[in-house]
Amino acid sequence: MASDGQIVASGEWHPANSSLSVVARLTETSTGLAVERVPSGEILASGGLAGVQISPRVGSIPRRIDFADGSLFETTDNDAIDRLLARSGRRATGLVHKLERFHPRLIVLVVATFLMAGLVYRYALPVLVEVAVAVTPPVVPKIMSVSTLETMDRTMLSPSRLDAGKQREISAGFAKIAALSTRGAAGYSLNFRAGGAIGPNAFALPDGTLVLTDELVELADGDDEMIIGVLAHEIGHVELEHSLRQIYRAAGMAGLIMMIAGDVGSSVEDLLVQGGGLLALSYSRSAEEAADRHSVELMSKAGFDATAIARFFVLLENKLGDRSGTNMLSTHPGTPERRKAILDYESALRAKRQN
Amino acid sequence: MAINESAPLPAASEDWHRLSFTGSGKEYFGIWIVNILLTIITVGIYSAWAKVRRNRYFYGNTVLLGRGFEYHAKGMQILIGRIIVFGYLIIYNVLLTIVPLVGIALAALILVLLPWLVMRGLRFSARVTSYRNVRFNFVGGVGGAFLAFLVGPVLAVLTLGILTPLASRWTYRYIGNNMRYGTKAFTTDPGLGAIYKTWFLSALIILLGLLIIGFVVFINMSIVFAVIDNPQGIPPELQVPMIVMGVIGYLVVLLSFGIAALVYHAGLRNVAWSSTVFDGKHSLKSDLSRFGYVWVTLTNVLVTLLTLGLMRPWAAVRMARYVNTHTAVRFSGDVGEVFAIVQKDGSAVGAEFMDFEGFDFGF
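The listed protein sequences correspond, in order, to chains E and X.
For the first sequence, position 57 matches number 57 in our numbering, and the numbering has no gaps at all.
Counting from 1 along the second sequence, just add 1000 to a position and that's the residue number in our numbering.
There may be inaccurate statements among the hints.
Below, a sample of chain E positions facing chain X; criterion: calculated Cβ distance under 10 angstroms [said to hold, decoys possible]:
| id | residue |
| --- | --- |
| 1 | SER10 |
| 2 | HIS14 |
| 3 | PRO56 |
| 4 | VAL96 |
| 5 | GLU100 |
| 6 | PHE114 |
| 7 | VAL268 |
Think of the hints as simulated: they come from the structure by calculation, not from any bench.
Note that CB positions come from ideal geometry on N, CA and C, so glycine has one too.
Whenever a hint applies, use it, and build me the whole structure from the sequences.
Put into structure tokens, the structure is as follows:
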């Protein structure tokens, strides 16, 4: 028995679950589709168009037409299958395949890809980071800070050897600026430690725990105002939630790179990861600058010398011989540049106030 | 229904039938750029469907005896697998920063689950692959995966790579002896001696790299002494040679280890595939030229980087063509009809986990 249908395409037909195949052709009949053996015309499989599954087109790999009985017709004549689908009112080729075809339009897609990658990095990623920061419960930075301080106490820091009077002096100055910060004096706690390996340093943990090392106090050589300036900088990091942002940003970048890793291959993936690292450093440098400006604002509000922190950079330059410039591998901007930026910002602020 | 007149697989012949790759860089370019663009626009969600289209393209163009392979995974399956793996990674990383102890516990949990994940991943990948309407399958258990993917790598690291061939042999035996095509089995037993031969060449390449570094350091002893004398600050006049030395050292390490790894990978594939037999009598063969493989890989990376990634489709197609044309099958006697066993694909979690962690055992 042969169907009197219209021939659609020729190919091969497999019975259900079998590797054997016969040369066959697909025909379109009044009731749907049928596969007939070539040349005898014996019907091997048939079904309504709605009951068969036709695989979406990818490049020019063979098309599968799966019948309800589990048998399979396969053809390389993709265009014929597209025409069949178009005749039956289904979308002939997927929109995706249409986009994928080699065509001058692909240049637009290339440009769009670079543009979108830039936009996602520039706008979507920061928005996602802000959302993540907003939904992070306050307990998270709390736990983070407690465990970080614990680890540091165990490994690098030791109890402060400063005398109690000195500690009180610095704490009193610190309380003044903390009271003027957004979180208020209760939002911060100042801790004195001997720095050990980390030397003259001050750092802030995201819950408002600040650590000041004895070495920095010694380096200041009695200039308490300068120390308060440095602490105001650390308050800036806390208020601007820099550490949470940095964590989320790094995670977001890693996630985005992972998503396209399969397409770009491992060498480009590695390069993107390295590039992401460099961008994270630039983000870290701009965070330092923002915290510097925060110090200037807070110090001037508290009636201290607004540029006290700049004196700290002079010290770094003179005593430690740090005259390094900024390069793309640094986490902090170069010391002389930072000092200049602080002085500039302060005079700009003063000019604004006078107007 | 009589379908005996068709001879889909060849009768007995002593010819090797090579695989070929029928895709082109030009055709793949469109698929590739649309994959990336839609992945970016959908903030990663499309990446699951992108993977399906990419694999369908590469499997479909991998042709043996006039018929291509097929990849059957669905975008939704892959997406669910990705979400689960990705979610776990996020939770793990967040906990690692916040409560390091819980994070470490989660890492340990992954280590315990690893053999199971690898086993399920291999099974999923096999089950979504077909040739001539018959799907592959993987029947390996958790114990074998434990030996091949945990004990093996740990032994290899602890012995500074000396026992790597043993680990590789376990891996290929685990994969090769548990692979099925329909109801018929593959068997393999790569010889340890043959793997050591290719390992030895890689070890020599690494030694050569270390020798070059030693030589560079030796002729620049003055700088090294200056650094030892004055560890705080390097005199400015020595900073440039110092940086040049660092860059040369980095490149030599990268190149020698990279080339050694590629040579080993190609040599191992040759040994393992060439000792694999299908259905007890049909032989498989891989005859990659080890340095040809290194050349194709390195030039691919170079061209891709120089064109900001735009030549990546060309590079991927070039690699597929190179590997396929060095892979062959010889049929001894009629293969006859192979019947498929119908089974569920299962979840894609294991396969996606292997993807994220960089395991690569494509068929």
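Taking the hints in turn, this is what the structure says about them:
no.: 1; hint: SER10; verdict: 14 angstroms, violated
no.: 2; hint: HIS14; verdict: 4 angstroms, holds
no.: 3; hint: PRO56; verdict: 8 angstroms, holds
no.: 4; hint: VAL96; verdict: 6 angstroms, holds
no.: 5; hint: GLU100; verdict: 4 angstroms, holds
no.: 6; hint: PHE114; verdict: 8 angstroms, holds
no.: 7; hint: VAL268; verdict: 5 angstroms, holds
In this structure, the one hint that does not hold is number 1.
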